[in-house]
Amino acid sequence: MKDKTIDYVLRTTWLAVNKMYNEEASEFGTTMATGFTLLSIDPEKGTPSTSLGPKMGMEATSLSRTLKTMEAKGLIERKPNPEDGRGVLIFLTDFGREKRALSKEKVLTFNEAIKNNVSSEELTNFYKVAEIINNMISNKQIYNKKEHILK
Numbered sequence: 035m036k037d038k039t040i041d042y043v044l045r046t047t048w049l050a051v052n053k054m055y056n057e058e059a060s061e062f063g064t065t066m067a068t069g070f071t072l073l074s075i076d077p078e079k080g081t082p083s084t085s086l087g088p089k090m091g092m093e094a095t096s097l098s099r100t101l102k103t104m105e106a107k108g109l110i111e112r113k114p115n116p117e118d119g120r121g122v123l124i125f126l127t128d129f130g131r132e133k134r135a136l137s138k139e140k141v142l143t144f145n146e147a148i149k150n151n152v153s154s155e156e157l158t159n160f161y162k163v164a165e166i167i168n169n170m171i172s173n174k175q176i177y178n179k180k181e182h183i184l185k
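Under the numbering used here, the residues of the sequence shown are numbered 35 to 185, in order.
In case anyone wonders, no lab produced these hints; they're calculated from the structure.
All C-beta atoms, glycine included, are put in the ideal place defined by N, C-alpha and C.
Incorrect hints may appear among the rest.
Listed below are the simulated DSS-like cross-link pairs for lysine-lysine, each with C-alpha atoms no more than 27 Å apart in a straight line [claimed, not checked]: (1) LYS149 - LYS113; (2) LYS162 - LYS149; (3) LYS79 - LYS113; (4) LYS162 - LYS79; (5) LYS113 - LYS102; (6) LYS140 - LYS107; (7) LYS174 - LYS89; (8) LYS36 - LYS89.
Distance ranges between label pairs, derived from CB positions [claimed, not checked]: (9) MET90 - GLU146: 30 to 40 Å; (10) ARG45 - SER153: 37 to 47 Å; (11) ARG45 - GLU117: 35 to 45 Å; (12) LEU73 - THR47: 14 to 24 Å; (13) ALA135 - LYS36: 38 to 48 Å; (14) LYS53 - GLY91: 33 to 43 Å; (15) ASN56 - ALA135: 24 to 34 Å; (16) TYR161 - THR127: 14 to 24 Å.
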């Protein structure tokens with residue numbers, strides 16, 4: 035891994051994690067995207083549909099398709115947002131809560147397995163590096179459009 039670029043390591047690691055979660059999810063007739071969505075919905079108060087996409091880093095069209103599938107499977111229900119007449123709140127059904135608990139168990143199992151195989155210092159450093167990368171991207175510190183305009 036020493037000679038690999040940072041983005042290569044991030045991408046291949048994420049693809050492996052994604053594949054692992056999708057394999058687990060397929061045993062229950064679902065996908066990682068559905069599990070992630072279940073975990074992103076507040077199980078008590080519901081979640082505004084407009085805040086789910088940004089919270090999950092998911093494009094609106096992909097999220098819309100995922101929510102439509104989840105609603106058809108009886109995992110969620112949409113209700114008008116009483117605080118915003120135009121908005122919709124997404125609530126988990128009882129079946130959705132059950133599948134959310136299963137998704138949470140899978141995530142916690144993954145976390146525990148990793149924690150059992152790396153030192154707390156390594157994990158702390160991993161989180162620090164991930165935070166730095168996210169901040170640099172958010173603050174446009176890697177590719178500043180103004181600096182890269184061809185003259």
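Here's how the hints hold up against the structure:
1. For the hint pairing LYS149 with LYS113, the CA-to-CA distance comes to about 39 Å; that exceeds 27 Å, so the pair is violated.
2. The straight-line distance between the Cα atoms of LYS162 and LYS149 is roughly 16 Å, inside the 27 Å bound, and the hint therefore holds.
3. Distance hint between LYS79 and LYS113 is fulfilled; the C-alpha atoms sit about 11 Å from each other, no more than 27 Å.
4. With a C-alpha separation of about 32 Å, the suggested pairing of LYS162 with LYS79 is violated against the 27 Å cut-off.
5. Between the alpha carbons of LYS113 and LYS102 the distance comes to roughly 14 Å, so the proposed pair stays at or under 27 Å and holds.
6. With a C-alpha separation of about 20 Å, the suggested pair LYS140 and LYS107 falls inside the 27 Å cut-off, and the hint holds.
7. In summary, the hint linking LYS174 to LYS89 is supported, as the alpha carbons are separated by about 19 Å, within the 27 Å threshold.
8. At most 27 Å may separate the alpha-carbon atoms for a hinted pair to count; LYS36 and LYS89 exceed this at roughly 33 Å.
9. Between MET90 and GLU146, the C-beta spacing of about 23 Å breaks the proposed range 30 to 40 Å.
10. Separation of ARG45 from SER153 is about 25 Å and departs from the stated range, judged on CB atoms against 37 to 47 Å.
11. The hinted range of 35 to 45 Å is satisfied by ARG45 and GLU117, whose Cβ atoms lie roughly 39 Å apart.
12. Hint check: LEU73 to THR47, Cβ distance near 20 Å, so the stated range 14 to 24 Å holds.
13. Restraint check, ALA135 to LYS36: a C-beta distance of roughly 40 Å satisfies the suggested window 38 to 48 Å.
14. Judged by the Cβ atoms, the range 33 to 43 Å given for LYS53 and GLY91 is violated: they are separated by roughly 18 Å.
15. Under the hint 24 to 34 Å, the C-beta atoms of ASN56 and ALA135, about 19 Å apart, miss the expected range.
16. In this structure, TYR161 and THR127 break the distance hint of 14 to 24 Å, their C-beta atoms being roughly 34 Å apart.
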